[in-house]
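**Student:** Letter by letter, the chains look like this.
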Amino acid sequence: MPTPDTFYEVIRRQGISRRSFLKFCSLTASALGLGPAFAGQIAEAMETKPRIPVLWLHGLECTCCSESFIRSSHPLVSDVILSMVSLDYNDLIMAAAGHQAEAILEEIRREHKGRYLLAVEGNPPLGQDGMSCIIAGRPFLEQLRETAADCQAVVAWGSCASWGCVQAARPNPTQATPIDQVIRDKPVIKVPGCPPIAEVMTGVLTYMLTFERIPPLDRQGRPSMFYGQRIHDKCYRRPHFDAGQFVESWDDEGARRGYCLYKMGCKGPTTYNACSTVRWNNGVSFPIQSGHGCIGCSEKDFWDKDGFYQHVTDTHVFGIEANADRTGLAVAGGVGAAITAHAAASAVKRSQQKNKQGDDQP
Amino acid sequence: MPTGLPQVQQTAIYVYQAPLRVWHWVNALAITVLAVTGYLIANPLPSVPGEASDSYLMGYIRFAHFVAAYVFAIGFVFRLYWAAVGNRYARQLFALPFWRASFWRELVHELRWYAFLETEPKKYVGHNPLAHLFMVVIITVGGLVMIATGFALYSEQTGLGSWQDQAFGWVIPLVGQSQDVRMWHHWGMWIIVVFVMLHVYAAIREDIMSRQSLISTMLSGWRMFKDDRP
Ligand code: HEM
Ligand code: HEM
Ligand code: SF4
Ligand code: SF4
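Chains A and B supply the protein sequences, listed in that same order.
For the first sequence, position 173 (counting from the first letter as 1) is numbered 174 according to this note's numbering, and the numbering increases by one without interruption.
For the second sequence, position 115 (counting from the first letter as 1) is numbered 143 according to this note's numbering, and the numbering increases by one without interruption.
Worth flagging that the hints you see were computed from the coordinates, not collected in a lab.
Since the structure is predicted, the reported quantities are computational estimates derived from the model, not experimental observations.
Glycine residues also receive a C-beta, built at the ideal position from the N, C-alpha and C atoms.
A hint or two may mislead.
As the list claims (entries may be wrong) - According to the in silico footprint, chain B covers these stretches of chain A (three or more CB under 8 Å from chain B):
| # | stretch |
| --- | --- |
| 1 | 220-232 |
| 2 | 240-249 |
| 3 | 265-273 |
In isolation and in its complexed conformation, chain A is listed as follows (with noise of 0.2 Å):
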């Protein structure tokens, strides 16, 4: 396969003109949190850098990351990141297939040594020897192992590859697992989200692909310009969780004057994710927008915590499936009352003594 020599080689290559190309390189740039400036930094680097191939490799999913990521809000970007990445291989969107699609990641894995991206969408299962995922007839675990060995480094799209998601929930009969447990001697930057937002996703790419870099991670390994604030942080409904004035029930008026969803289990407060600021689908809302709380997918094992709607969620420890608020009143109740049954038998024995103590005075 002939690899082209810069990324403006492939984007003029698939028909796009030089003023979308400037145009993205601009939008790139903001969504990124960059100032002005760094749209010209952006261009220059996709001009003259070679280009960086990209491998996108789908494991335990559901596609929805790969949909999320194919309907970038601007269609300029997503043609433009498309082209940057559909070259190389991505078995749902790339045109070989079969025994010619294998091949093309040997050839990558050869000629590219070292310097190619490693996408990956899902997690592979461990339990079974990993038989829960077959890829071209092995498990996806050799084929995650073998093209992670030669990669520059990995991107985790999505909740499953960062923190294991849905197939990871508890009991995880298939044992998934985070890449980022599977793969320890690369870079792992995190992307989560169920799906990650299509502007968060294009704007990781473009930043590394263009300034050869990691963007800047958090503590977690997320990029810190999307992942760095809560969505409860920039959320437009928080001057009513200021007030105090909530939903109570999904029909009553606070709910048709647009409250705050805390008390319908809103997990905005914990919950690092772009949708408050960037939101979804070319900008037009998200689910706090629509009437619904946020339920944290982007967090680790969310689907673990136990009611979308409660704030108070439930503890799982030892087994013990437990809500604090609920545990914690029944037992101070009960000490309350052992405190009463206490006091009134020590009440008893004291007036005993009492007694006692009077009949051997003199």
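Got chain A; can you put chain B with the ligands on it based on the hints?
**Tutor:** Showing chain B with the ligands alone in chain A's frame:
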């Protein structure tokens, strides 16, 4: 001079120095405010009517929580300092003599006293072993957990790179995710609430039933013994 009245000599020892006593009551107040506002953060009051810009109820409740939280945390640090410079009883809160057989013997004795199996409690200049154990586990260890989880939650609003984040942000991935931190912080409240209930009951009961003063000791610093027997 035989008077026909029972003759009892009362000994008194200065146990709790003034800074420790002030800390005790300030800390008790802070914890009360923290528990009440914390509960209301998790279970907010019924909605306020009117424009959002007219009220700031949740904001004030959270503000009270954070003010009390700083009082609690700074108090904790001060209490550590006082353990270093204060008298020997000031060190009890941070040191449990679990290696001493006498500690366990006396602990069993104290438990039997509460179970009405002993006719008389022993006398203690400092804390009795049962109180000592609970205070170390719940106020020292529990307090540290509340401070670590509390400041980790606080770092979420002060943001990446803030000192709260640098000092306590690691707690979040350690525990799992933000929701887990909240839930452990929340469980911690109930544990402390139950401690306070038992603590206050025990203080009142022992003030009456034991052979020594308690509540007045935490007010004046002097431990009075009601009899002279060992
Ligand atoms: C004895 C000590 C404390 C008690 C009993 C307590 C109790 C609570 C409770 C019950 C909650 C609600 C959790 C939930 O949403 O389910 C809470 C929230 C919180 N607490 Fe504490 N807390 C204590 C100490 C602290 C400390 C030392 C800090 C440090 C700054 C702190 C900071 C916070 C923060 C930031 C929140 C979340 C508030 C929000 O997001 O609106 N707490 N606390
Ligand atoms: C939130 C409420 C409270 C908390 C967290 C609390 C905590 C503590 C702690 C940590 C100590 C050990 C002091 C030290 O060694 O530095 C202590 C001692 C003591 N507290 Fe409290 N306290 C609270 C409320 C009360 C109340 C309401 C009373 C009175 C009825 C009380 C009476 C005492 C007494 C008498 C002692 C000394 C015990 C002894 O002499 O062995 N406390 N408390
Ligand atoms: S990460 Fe979650 S979201 Fe993405 S493909 Fe997987 S199931 Fe779908
Ligand atoms: S709706 Fe959710 S994210 Fe928005 S302010 Fe309320 S709790 Fe926070």
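**Student:** Going through the earlier hints one by one, which of them does the structure break, listed in rising order?
**Tutor:** As far as the earlier hints go, not one is violated by this structure.
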